[in-house]
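Engineer: Here's the letter readout for the chains.
Protein chains: 2
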Amino acid sequence: MQSHSENIRLSGKKVSFVPTMGYFHEGHLSLMREARRLADEVIVSIYVNPTQFGPKEDFSKYPRDFERDAQMAGSVGVDVIFCPSNEDMYPAGYQTYVEVGQVTKNLCGVSRPGHFRGVATVCCKLFNIVKPHCAVFGKKDFQQLAAIRRMVTDLNLDLEIVGMPTFREPDGLAMSSRNVYLSPEERVSGLTLVGALKLAQKLYAAGERKADVIIGQAQRLIAGAPFTDIDYVKICDTATLEDVVDIQGEVVMALAVKVGKTRLIDNSVLGEELRA
Amino acid sequence: MQSHSENIRLSGKKVSFVPTMGYFHEGHLSLMREARRLADEVIVSIYVNPTQFGPKEDFSKYPRDFERDAQMAGSVGVDVIFCPSNEDMYPAGYQTYVEVGQVTKNLCGVSRPGHFRGVATVCCKLFNIVKPHCAVFGKKDFQQLAAIRRMVTDLNLDLEIVGMPTFREPDGLAMSSRNVYLSPEERVSGLTLVGALKLAQKLYAAGERKADVIIGQAQRLIAGAPFTDIDYVKICDTATLEDVVDIQGEVVMALAVKVGKTRLIDNSVLGEELRA
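Line order of the protein sequences matches chains G and R. First residue of the first sequence: 860, per my numbering; consecutive thereafter. First residue of the second sequence: 860, per my numbering; consecutive thereafter.
Read the hints as simulated data drawn from the structure, not as lab findings. There may be inaccurate statements among the hints.
Stated by the list, open to error - Where chain G lies over chain R, by a calculated footprint (3+ residues, C-beta under 8 Å):
#, stretch
1, 861-869
2, 977-984
What the hints assert, rightly or not - Which residues of chain G face chain R? A partial, calculated answer using Cβ under 8 Å:
#, residue
3, L869
4, Q954
5, L1016
6, E1019
7, I1020
8, Y1040
Glycine included, each C-beta is placed from N, C-alpha and C at the ideal position.
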């Protein structure tokens, strides 16, 4: 993969990259279409990275379907699918990790210790292997995108990070490979995430600037639905991802909620259009 | 620097790199000569990296002489000297670090907490900026070389790491920019480091395989000289850098000794010729 990419670069062509854990949905395809638009050679990786899963998380049961993924990627013009093995990525003796600071501490960093270390490390490795000029990520994983951008800037990686809007189901549920875990009843409860974001946008548009007021109403909306167990509902500065008390500059409302056994996340920058 | 290197690479030429903290001696020049031999474009960085110095170490008084360095580098055919500022390398908001595990824990990792995190991080950044095909390091910093090799392998950095033999003064003292700190009397005591290595080689050649026996004699030799304060005298597996009790495979004797206020290090792989 590395020498293929190096040769493409040496031929003067542009390489774009979409790192994924596979089990594609329309959200992934929207990233691949953007990657297709941006470069001559589009490379997609499919790798369910063990180092970003906690010991009690869903690494082993994370959904996988390579044949379906390959067909979908082909339909949007992807040139190469890169599927390394765990032995390729973390051979015996492996011992190097990339740690991003502040932006990984809040939100999912609290409930998923080690998660962003795993994400930053695997993305650093994949960028070094695939050598893209640009890499395309979804904004649904807002904190992941912030951590990757920070790592790329801090470690002087020579590529551009492109963030794309969250792709949603017709009813507004943010697309996620984990949505397949939801029962029909849980799925209805899952809609409270986007409902809470819409409510927050409405309050913000009406002039509310106290974060705790907006958060309180969002929490009540989610907690009122069955099967929901809130991990966090927060309003954070988009640059530092630190909690905000009085909303001034640009802030994001970020949510993580367990619906049944499935952990869902969603977010929206207050004042930006929520396409749902 | 990054776009210069990218253009050199795109023109099909080979780039070699010698990262340094400046204040050149013959050891540095031997690395640059090797770099010259290996590539079309030779790039040397001079950067006294603050993140690899502890709060009580000699960051502020580390010797610097750019004019002299530039002349010496020019004399061995270096094409580019890259001298980033601290603001270039660690701008406001900087928060990403590369951590190498096992091989950084023993030896200098014990007495210089955070040192190898700083070394790995700055080398990762410099490799991403300079984009070399190969980078040349001295073997005097044995553990540094091991940590860099490990990082390059683990993070899939696309460059070759070349290790060069320690360059020594005519009397055997390993060359170091810090040797200028030594008084004439301290310098004599500093020779006990290479003396201890020679003694260890002699004992090893005579069949001694108990690490504590060799270490004990080496320690006595060093401690017998004035101004010396031993940080460590150890015999370690060259792959893991873990302490060895009964010498089997390839091992290195590694030393760190304060002579007056100056911390000196040296090492020798037992059974390999010690050129001193």
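Engineer: Would the hint on I1020/G stand, with a C-beta cut-off of 8 Å toward chain R?
Structural biologist: Since chain R brings no Cβ nearer than about 14 Å to I1020/G, farther than 8 Å, the hint is violated.
Engineer: Does the nearest C-beta of chain R fall within a distance shorter than 8 Å of the C-beta of Q954/G?
Structural biologist: Holds. Min distance 3 Å.
Engineer: Tell me if the interface restraint on L869/G is satisfied: Cβ within less than 8 Å of some Cβ in chain R.
Structural biologist: This interface hint holds because 7 Å falls under the 8 Å limit.
Engineer: Given E1019/G as an interface hint, is its Cβ closer than 8 Å to any Cβ of chain R?
Structural biologist: Constraint on E1019/G not satisfied, violated at 13 Å.
Engineer: Given L1016/G as an interface hint, is the shortest Cβ-Cβ distance to chain R below 8 Å?
Structural biologist: 5 Å, holds
Engineer: Let me know if the C-beta of Y1040/G comes in closer than 8 Å to any C-beta of chain R, holds or violated.
Structural biologist: 32 Å, violated
Engineer: Examine the stretch 977-984 of chain R for residues whose CB is less than 8 Å from any CB of chain G, and state whether their number is three or more.
Structural biologist: holds (count 4)
Engineer: Tell me whether the statement that chain G covers the stretch 861-869 of chain R is true, taking a Cβ distance below 8 Å and needing three residues at minimum.
Structural biologist: holds (count 4)
Checked against the numbered hints given earlier, this structure breaks hints 6, 7 and 8; the rest are met.
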